[in-house]
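Asks: Listed below are the residues making up each chain.
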Amino acid sequence: MEFAIETRDISHDFSRGSVKALSNVSLNVGKGSIFGLLGPNGAGKTTFVKILLSIIHQKTGQAKLFGLPTDQYTSREKAGYLPESNRFPGFLTGYNLLDYSARLSGITDSRRRRTQAEKVLKQVGMSDWGQTKIKKYSKGMAQRIGLAQALLHEPELIFLDEPTDGIDPVGRKEVRDLLINLKDEGKTIFLNSHLLSEVELICDEVAILHHGKLLKQGTVKELTTSEKRFKVYAYVPEDSSLRSEFKEETLSIVFADDSLDITVKDVESLNAVIDKLRSSAISINAIIPHTQTLEDSFIQTIQNDANGDFNTLLDEKEAGK
Amino acid sequence: MIQKMLSVCYYTIRESMYRKTFVAFFILSTITLAFFLFVINFDVVDGVLAGFSLFGNTVKSGKTDLFEMIAQIETIVASTLIGGGIFLSIIATASIVPNMLQKGHIDWLISKPVPRSWLLLGRFLGAVSIVAVNMLYVILGTFLILSTKTGVWNFNFLFAGLIIIGLFAIIYAFMTIISVTIPNSAISIFAGYIIIFISPFLLERAKIYALASEKLLKYLLEFLYMITPRIAEISILIPKMIKGVPIDDFTPIWYSLLLGAFYFSSAVFIFQRKDF
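From first to last, the protein sequence lines are chains Y and G. To convert a position in the first sequence, counted from 1, into our numbering, add 1133. To convert a position in the second sequence, counted from 1, into our numbering, add 7.
Honestly, I wouldn't trust all of these hints.
[As the list claims (entries may be wrong)] Some chain Y residues flagged as far from chain G (calculated, every beta-carbon gap over 12 Å):
1) Gly1165
2) Gly1175
3) Gly1194
4) Thr1207
5) Glu1210
6) Gly1258
7) Lys1316
8) Leu1334
9) Gln1350
10) Asp1394
11) Ile1432
[As the list claims (entries may be wrong)] With beta-carbon atoms standing in for the labels, derived distance ranges:
12) Y/Thr1241 to G/Val46: 44 to 50 Å
13) Y/Ser1243 to G/Lys156: 42 to 48 Å
14) Y/Ala1439 to G/Leu227: 50 to 56 Å
15) Y/Lys1266 to G/Leu218: 54 to 60 Å
16) G/Tyr262 to Y/Met1134: 31 to 37 Å
17) Y/Ser1159 to G/Ala31: 40 to 46 Å
18) G/Ala31 to Y/Lys1306: 44 to 50 Å
19) Y/Leu1201 to G/Leu13: 21 to 27 Å
20) Y/Thr1241 to G/Thr37: 31 to 37 Å
21) Y/Gly1175 to G/Leu13: 35 to 41 Å
22) G/Arg280 to Y/Arg1309: 51 to 57 Å
[Unchecked claim] Facing chain G, from chain Y, some residues (calculated, C-beta under 7 Å):
23) Gly1163
24) Lys1192
25) Tyr1214
26) Asn1219
27) Arg1220
28) Phe1224
29) Thr1226
30) Tyr1233
31) Ser1238
32) Ile1240
I should point out that these hints are in silico values taken from the structure, not numbers from a laboratory. From the three backbone atoms N, C-alpha and C, an ideal C-beta is built for every residue, glycine too.
Working from the sequences, and respecting the hints, build out all of it.
Replies: Put into C-alpha cells, the structure is as follows:
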C-alpha cells in the first residue's frame, strides 16, 4: 500500500521539555482515504499536523509526505492545509486570498488561477462573496474561504484542522459531502476534529491521541466493535444448569428471553460458551458482536488511559518515587 | 521560487498601501514637491544664481553660487529623509513581520511549498520596496524639479538618495531580527529607534570613555559600535557627498551594508528554526 503520510516515533515537547506534546507517535495514512485524528483538547493533534507541514520541527522521529521528508519544502507541493483558527489578511478579498495562495502554490498562469478560484469558491458555496473583503466575513465564511484555499491547487493530500468549526449544520453537511467527493476523486484527507459524529460518518480510518500518545488506530468499524462483548441469539431455559455455568465462565452475562448478552475474556471463552450451547442442543440463531458509537469508544479509550495514568501515579507514590 | 518570493513581496506592498501611513507619507512628499515646483523660483543669469523668491517675494538677491544653493536645498531634503522619512518609515513598516507571524497566518504561509527564507525575504523586500518607492518619489521629484529649473544636474544627490534607502534597509534588517524573535510592533519600532539614537553617542565613544574611565564601559561601547550600523557617520557623509566634497573613506557605508546582510541572515536563521 502506498502511503501519503508516514511517521515514525515522532516526539515533541514544549516549554523546554516540561510539556510533552507528542510521544513516539508512529502512524501511516494510505493514499485515497479519509483519516481522522481524534483527541481531547491538548492531546497533540494540531502539533502533529504542524509537524507534518514543518510548521513545528519535531524533536525526534521521522515524518514523510509522499515519501519526501517533511523538512523539504517540496514535500508540501501536493498538500493543502486549513489551519485551526485561520487568520487571513483582512484587507484582501476572497479572490485576492485565493490568488495569493495559488501563486505561493506555484500556479503561474493567471487564467488558471482565476478559473481555479471560481471553481473552489463554488465548491465551498462562496461564489457571491469572492469580491468581499475577508475582514467582513463571518467565522463560518472565513472557514469556508480557508477550505477553498486549501483545495485551490488540487492537492493530493488535504489537512483540515477542525474544518466545520463555526459552520452551521447545513454547511457542515455540505462540507462532509465535499470531503466525500474529494475522496472519490482519489484525494487523501487528514481530518483533525473533536466532532466524533462527523468523523464517524466520513472517515475510513481513525486514530485516538491522548496526552501525546497514540492510543488506538483502526477503521471506524474496528474501533466501534467490541472484541469481548457479544449478543448470542439463543434461548436458554430458566432452569438450565448452563446459566450458572456461564456465570462462572464469562466476565458478565445477562439473560433475556431470546438472547444472551455476554462479555468474555477472549474469543476462546466465547467458543466454549457456543460449544456448550450446541452440546445441549440449543439452537443458535445469530452471534453479533456488540457495537458502540465512536463517541463511546473514544471516551472509553481516553478513560482507560486516564485510569492507567492515575494507577501509574499511585504505584509511583507507593514506591516512594 | 523567485516568482513566489515576488508574490509575497507584492502582497506585502498591498498590505502597506492598505495602511494609511504610506498614503500620508505620499501626500507629504507631494506637498514638498509642489513647494519646489510652484513656490520656489530661481533667478538664474548666465549660469549664476542672481536671486530666488518664495511665493513671488524675493528672498535673496545678489550673485550666489548656483550649485552651492541647489546642493544646500538637496542636503535639507536628504537630511529630512534621514530624520523624518526613516523615522516615519520605521513606524509604518514595524508591523509587517509581526503580522506575518500571527497564529493562523504564519501556519498558512509555511504550509505552502516555499522555503521559509524566501517568505521572510519577500516580506522584507516588500517593506523596503514601499519605503524605497516613497523616498525615490521625493528624491527623483526634487532632483528633476530643481535641475530643470536651474540647469544644475547634481547626480550625487541621487546617489545619496540610494544610500538613504540602503540605510533604511539596514535598520529594517535589524528590526526583522527583533520581530522574528519577539513578534511585537512596538518592540520592533523601539529597536529601530534605539540603533539610530545610540549611533551619535557611539561615534563619540572615546569622549564618553574618557569621562567614565571604566574599562568595562570601553569594551561595551566598542562592542556596540562594532554591532551597529554607522548611521551617524553616514549622516555626516551624505551632505558632503551632495555638496561634492571629496570622500576618501566609504567604510561606514560598506561596513553598514555588510552588517545589514548579517542582520538579515541572522533573522532567517532564527525564523527557520522557530516553531509556530
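Asks: Hint compliance check: list the failing hint numbers for this structure, sorted ascending.
Replies: 4, 5, 16, 17, 22, 23, 24, 29, 32
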